[in-house]
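Engineer: Letter by letter, the chains look like this.
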Amino acid sequence: MNRVTFKTPLAVAVAAAGLALAGTANAQSTDLEQRLAELEARIVAAEQRADAAEQRAELAEAQAEERLSSEEVEERLAKVERQASGDEGFSFGAYARSGLLIGEDGKSAPGGPGVTPAGPLGGNVGRLGNEPDTYAEAKLNYRMRFDNGAKADYRMMVADGVTTSNDWTADETNLNVRNVYAEFSDLPSFTGAFEDASIWAGKRFDRDNFDIHWMDTDFVFLAGTGAGIYDVQLADNWKSNFSLYGRSYSEFPTEESDITGDTDNLTLTANNYFGNWQWMVSGLSAADNEERDIGAGQDAADSGFHTMLAYHGDSFFGLGEGNFKAAVMHGQGLGAEVKVIGGNGSLTDEATATRVGLYGTTYLAPSWRVAPAILAETSEDRLVEGDRFDWATLNVRLANELTENFEMQYEGTYQYMDLDQGAGGNSAKGDYTKFTIAPTFKPEVGGFWKRPEIRLFASWSDWDDELNDYSADDAFGSEGFTGSQWTFGVQTEIWF
Amino acid sequence: MNRVTFKTPLAVAVAAAGLALAGTANAQSTDLEQRLAELEARIVAAEQRADAAEQRAELAEAQAEERLSSEEVEERLAKVERQASGDEGFSFGAYARSGLLIGEDGKSAPGGPGVTPAGPLGGNVGRLGNEPDTYAEAKLNYRMRFDNGAKADYRMMVADGVTTSNDWTADETNLNVRNVYAEFSDLPSFTGAFEDASIWAGKRFDRDNFDIHWMDTDFVFLAGTGAGIYDVQLADNWKSNFSLYGRSYSEFPTEESDITGDTDNLTLTANNYFGNWQWMVSGLSAADNEERDIGAGQDAADSGFHTMLAYHGDSFFGLGEGNFKAAVMHGQGLGAEVKVIGGNGSLTDEATATRVGLYGTTYLAPSWRVAPAILAETSEDRLVEGDRFDWATLNVRLANELTENFEMQYEGTYQYMDLDQGAGGNSAKGDYTKFTIAPTFKPEVGGFWKRPEIRLFASWSDWDDELNDYSADDAFGSEGFTGSQWTFGVQTEIWF
Amino acid sequence: MNRVTFKTPLAVAVAAAGLALAGTANAQSTDLEQRLAELEARIVAAEQRADAAEQRAELAEAQAEERLSSEEVEERLAKVERQASGDEGFSFGAYARSGLLIGEDGKSAPGGPGVTPAGPLGGNVGRLGNEPDTYAEAKLNYRMRFDNGAKADYRMMVADGVTTSNDWTADETNLNVRNVYAEFSDLPSFTGAFEDASIWAGKRFDRDNFDIHWMDTDFVFLAGTGAGIYDVQLADNWKSNFSLYGRSYSEFPTEESDITGDTDNLTLTANNYFGNWQWMVSGLSAADNEERDIGAGQDAADSGFHTMLAYHGDSFFGLGEGNFKAAVMHGQGLGAEVKVIGGNGSLTDEATATRVGLYGTTYLAPSWRVAPAILAETSEDRLVEGDRFDWATLNVRLANELTENFEMQYEGTYQYMDLDQGAGGNSAKGDYTKFTIAPTFKPEVGGFWKRPEIRLFASWSDWDDELNDYSADDAFGSEGFTGSQWTFGVQTEIWF
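Residue numbers (this note's numbering), protein chains in the order written: chain R, 1 to 496; chain V, 1 to 496; chain S, 1 to 496.
The set of hints was computed from the structure by calculation and includes no laboratory data.
Glycine residues also receive a C-beta, built at the ideal position from the N, C-alpha and C atoms.
Take the hints with a grain of salt, since some may be wrong.
[Stated by the list, open to error] Here's a subset of chain V near chain S, in silico, CB distances under 10 Å, partners left out:
1. Glu58
2. Lys79
3. Asp196
4. Leu268
5. Lys325
6. His330
[Claimed, not checked] Just the calculated beta-carbon pair ranges, DEER-fashion:
7. V/Trp460 - S/Asp258: 25 to 35 Å
8. R/Gly425 - V/Asp418: 52 to 62 Å
9. R/Asp196 - V/Asn400: 22 to 32 Å
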């Protein structure tokens with residue numbers, strides 16, 4: 001730190017000058033002499049000060065020159081900032097949950113949002129205090145920018161889900177690669193309706209899937225291996241996405257005994273957006289799937305149709321701040337698995353299903369959040385001619401933010417189901433209820449979407465006895481799991 | 001932003017001084033008086049300006065001081081730039097391909113560059129429009145720099161390859177760890193011939209492997225677990241690499257029924273570089289492998305020899321800009337698997353194989369690229385005394401760059417094979433032809449090595465009927481796959 | 001580069017002024033005139049210099065302004081530095097070892113620190129020149145900072161261990177997810193004893209585990225799925241950690257034939273720190289584990305107790321610079337597996353085990369490091385009433401740093417074991433000895449904890465013949481592995 005300091009301050013010089021001007025008129029010569037002397041003194045001082053100012057200016061110049069130019073620093077900083085943020089190069093994303101779900105007997109309890117007999121049909125219930133697994137997705141992303149302005153985005157996702165609590169899970173592991181795709185955008189050759197379009201190919205979850213988080217279910221889950229184009233601007237208020245997804249149907253029984261069959265379902269989808277409205281249409285085809293043996297007298301579907309009309313709301317059903325989503329889906333044949341489109345090759349060619357889903361979130365009061373959700377479906381001739389499955393779930397999540405880091409969460413869930421397998425097996429009718437209280441820690445409270453969380457919980461669940469006998473494949477009716485259950489646990493959930 | 005502005009500009013002061021000097025001679029005293037007054041005025045102005053300059057210099061100093069010194073910024077920026085680029089710390093690399101390969105029947109078609117009966121022998125054909133899988137390698141790299149100048153590079157690679165199109169592949173997954181090794185370079189203790197040498201140990205693909213990309217085959221693929229040293233400077237124009245690689249031969253049948261054997265193949269390799277020439281020599285040993293039961297009358301090899309002479313050309317065969325590579329390989333005993341050195345423990349002790357490979361790339365015209373390639377092998381006494389396998393593949397990839405983001409790719413591939421298993425099984429002779437057209441999107445066109453790509457494709461392939469009966473283990477002759485095939489699909493490919 | 005330079009230097013002006021003052025007294029008027037003229041000249045010069053200084057100050061200001069403010073640069077640099085270092089956002093960590101372990105017969109040799117009959121009981125021996133596997137842990141970490149000062153740390157670890165040397169290990173892979181958890185710290189709502197506390201939930205290795213590196217064994221290894229709180233300040237010199245860990249006991253035989261059982265072990269632990277002392281207490285419970293069939297006449301434990309008293313020393317046993325750790329552990333019932341707490345569900349309800357462990361590290365001379373270690377255990381009624389297992393291992397690692405990049409490492413290990421399975425099987429008594437010499441390369445020598453290393457090694461091992469017949473499940477006594485063995489190899493080891 002160099003700072004030039006002035007030994008002869010200005011005030012002194014000015015004072016001296018003032019005194020000098022106070023001489024008498026006759027002593028003019030002497031007066032002039034004095035005034036000159038004073039001026040000389042002042043000019044010396046002024047010269048010294050000019051020296052000093054010069055010196056300081058020089059120093060300031062030198063210091064300024066030592067600094068990198070802002071242009072260079074800006075450019076280099078901006079690049080490393082893009083890299084550090086993942087806007088360019090590698091970035092890491094994750095979803096994970098892990099914890100314990102323990103029953104009254106001190107042992108792991110069955111659970112999961114698909115725990116009821118309606119679960120295999122997509123009839124999820126609330127997930128809070130109801131999850132027995134460690135599930136983790138690791139997302140390895142890499143974004144490229146090209147000199148011509150084009151961008152490419154590579155995504156790879158590996159995921160694992162196990163229910164064991166052990167740390168070495170080589171025997172139980174389900175580690176697998178769920179996403180491997182590349183997406184290109186900002187292509188200079190794309191103009192007109194395609195100007196903002198991006199194209200992709202590979203294995204992926206479709207960009208336009210959306211879910212009811214509290215029941216851990218997508219409205220629609222379009223995924224598989226294929227290709228597509230997003231954001232084609234067909235008109236001012238009409239954007240469309242088109243995709244072709246393949247899914248594999250492997251080693252299914254055929255009517256020729258001992259010969260298994262393999263085929264692929266191909267789903268061609270158009271997703272149309274008009275303002276807040278989304279209209280999705282899909283056609284499905286699985287060559288030779290009708291050769292599948294799904295039981296005497298039924299023909300497996302080898303094609304299907306699926307459509308969804310959805311509304312993405314910017315408020316809490318128009319009643320207050322928040323958001324909501326509502327959708328109705330209908331499918332036929334292979335499209336009658338209305339969530340995982342093309343995900344079930346055992347559907348009959350007469351299968352039909354209609355589902356409605358909706359949820360909303362809002363603040364009831366400054367520290368009280370609420371999120372109600374409904375999901376319901378009716379399907380017929382699904383797995384066997386004459387079967388009929390009706391179920392409806394009502395779920396409410398409530399949270400009370402108590403400190404910056406703590407909130408009480410509550411969840412009530414109710415499911416009604418009337419499951420008639422026809423010639424395919426048992427029938428059962430009844431309902432399921434769960435109530436959960438979960439003291440929850442968060443680094444920062446403030447909304448339904450803020451994670452991570454660490455939660456303790458106690459859940460009470462009950463269901464009609466009739467449901468225990470419906471299927472040997474589900475948890476209901478298994479040892480010690482016949483209704484009027486308490487479960488306890490602890491869990492973390494994170495995403496970023 | 002503080003800027004000092006001057007209320008009394010210099011021009012005014014100077015003008016005042018000029019007027020003052022215009023007084024008369026006789027009024028000398030008055031004149032002097034005036035001049036004094038003027039001087040006084042000017043000195044006041046000069047003082048004010050000195051004040052101001054001082055103030056501004058001070059401000060400039062203060063501003064400059066507020067800036068970080070370029071030395072510090074440079075150092076800190078350079079470090080984060082090294083980290084962001086992966087030159088220091090973590091970096092992510094990938095190879096991936098994923099897509100659909102659909103036959104005329106609308107179902108997944110068999111495929112892959114090793115689809116022909118010669119495939120298991122390494123007789124690959126062109127890969128464009130011929131790949132049915134999702135294959136991805138994730139490379140997790142970590143580079144360390146030490147105060148003494150030494151560097152260490154850690155590499156871990158996980159890879160997965162599946163043919164299912166589904167997004168959840170826990171049942172089919174092949175996820176596994178292919179590389180885990182550390183390599184040290186710039187070791188201050190290394191001098192003389194070792195000055196530029198680096199050493200490594202662990203599981204890896206050898207650094208010196210190189211491939212014919214369009215047929216998805218390495219010229220040689222040396223890999224396994226071991227250790228080595230690279231870049232030993234034996235003479236001015238002679239660099240050598242030495243390595244020892246182990247590979248495991250597990251649970252093979254022995255002549256004692258019900259007792260399986262296990263052993264390891266150890267390959268000791270010297271790779272010598274003289275200018276553009278590479279001469280590779282390998283000795284192989286697998287203790288007790290002769291106890292392996294490979295059929296009556298044959299002895300499995302327990303040792304082997306392998307050599308390759310290669311030329312890495314800087315032009316298109318001397319005919320124009322581009323590059324080319326040419327190599328001839330010969331192996332005996334365990335070295336008779338001339339690509340995957342040590343990769344096949346079932347070779348007889350009399351086995352011999354000779355392979356030639358070459359490819360080149362160049363631009364035929366500003367927007368037309370071409371890459372011809374040839375791969376051919378003859379081997380005898382390979383799996384059974386008296387067997388003989390001859391095959392040769394000719395492949396040509398052509399690309400026409402049409403816009404910044406789009407090119408048409410074409411591939412023609414032809415393979416002749418004469419496969420005589422002797423006492424080991426069927427024999428067959430014939431040829432295979434494939435022609436593919438692939439409209440291809442790229443963020444930036446401009447060469448055979450630029451990725452990512454998204455391609456649509458249609459391939460027509462045909463082969464001699466005789467090949468359908470050669471083996472039950474290959475795709476030829478399986479249901480609906482007997483020649484004169486169309487396949488269609490879409491795929492992405494990326495590496496970085 | 002703009003620099004204002006002065007054409008009329010100060011010296012000239014001063015000289016002129018000096019001459020002017022040398023006039024005669026009588027010529028006062030002339031003298032005054034002259035002095036005025038000189039003053040005028042000087043004021044002009046001063047004005048010019050003020051101009052110049054002003055100009056330079058302006059320039060310096062302008063240059064300074066062009067630079068980014070240090071506040072902004074500092075803030076942006078600090079953020080990318082945090083991101084690049086992993087202090088915020090993603091970071092990658094690893095542990096890995098990979099290499100070859102070859103016997104005198106040229107084939108892979110059995111090995112591992114648990115190679116002796118005491119190994120399954122936790123009786124490890126020295127690991128140097130004794131490891132046959134490729135084991136790698138990839139740690140994907142993500143740290144978040146919140147506006148309120150809170151931090152969250154997400155950890156995911158995948159690991160794989162195989163003994164094959166091949167590069168494609170899809171058939172042998174053990175790739176699995178060992179850690180998935182989130183930990184929160186600096187929570188503003190936490191005050192008082194909890195001010196510095198952090199909380200976590202998920203699947204993890206406990207933070208407080210510590211090991212004897214040279215024998216590849218933790219003193220205690222607490223791990224599983226659960227939740228806990230660290231660093232509760234109970235008193236000035238008393239910090240405690242509390243945790244609940246679950247571990248799964250799956251598909252064990254029960255006394256009802258054909259019905260397997262499943263339960264969970266729950267371990268509640270308090271870890272107390274007083275200065276260098278650590279006192280750990282754990283209670284274990286596994287509901288219904290007593291239904292496990294562990295052989296006629298024994299009851300499996302359904303609960304247990306475990307405690308450890310440990311000292312973490314800052315010197316080499318008070319004898320010199322370095323460090324040491326010493327601990328004694330005792331367990332009963334399910335706690336009788338004293339290392340992997342809750343890791344063994346087959347223990348009898350009468351099982352007891354007591355273990356001691358200690359190690360230290362120091363420099364004997366500037367380039368000679370030594371690390372002695374002892375681990376010993378006695379257990380009774382472990383797997384069968386009346387069994388008794390005593391074993392003790394003494395291990396010494398010695399290293400001689402010869403250059404910046406090279407050291408010779410030596411390891412001697414001795415294990416005595418007296419294994420009496422009682423009614424459960426064979427008994428054997430004897431000892432095992434191994435001596436290893438390992439020329440070792442490092443980017444930078446300088447301590448037992450510096451990695452990576454690449455080592456060559458030769459080991460000689462021997463043991464009592466009686467140990468060969470103890471168990472068919474261990475390597476002792478298998479073909480060609482009966483004592484007086486040489487093994488050779490090469491290996492890398494790295495962590496960061």
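Engineer: Hints first: check each against the structure and report whether it holds.
Structural biologist: Going down the list of hints, with the structure as the test:
no., hint, result
1, Glu58, "9 Å, holds"
2, Lys79, "7 Å, holds"
3, Asp196, "14 Å, violated"
4, Leu268, "12 Å, violated"
5, Lys325, "22 Å, violated"
6, His330, "23 Å, violated"
7, V/Trp460 - S/Asp258: 25 to 35 Å, "57 Å, violated"
8, R/Gly425 - V/Asp418: 52 to 62 Å, "58 Å, holds"
9, R/Asp196 - V/Asn400: 22 to 32 Å, "27 Å, holds"
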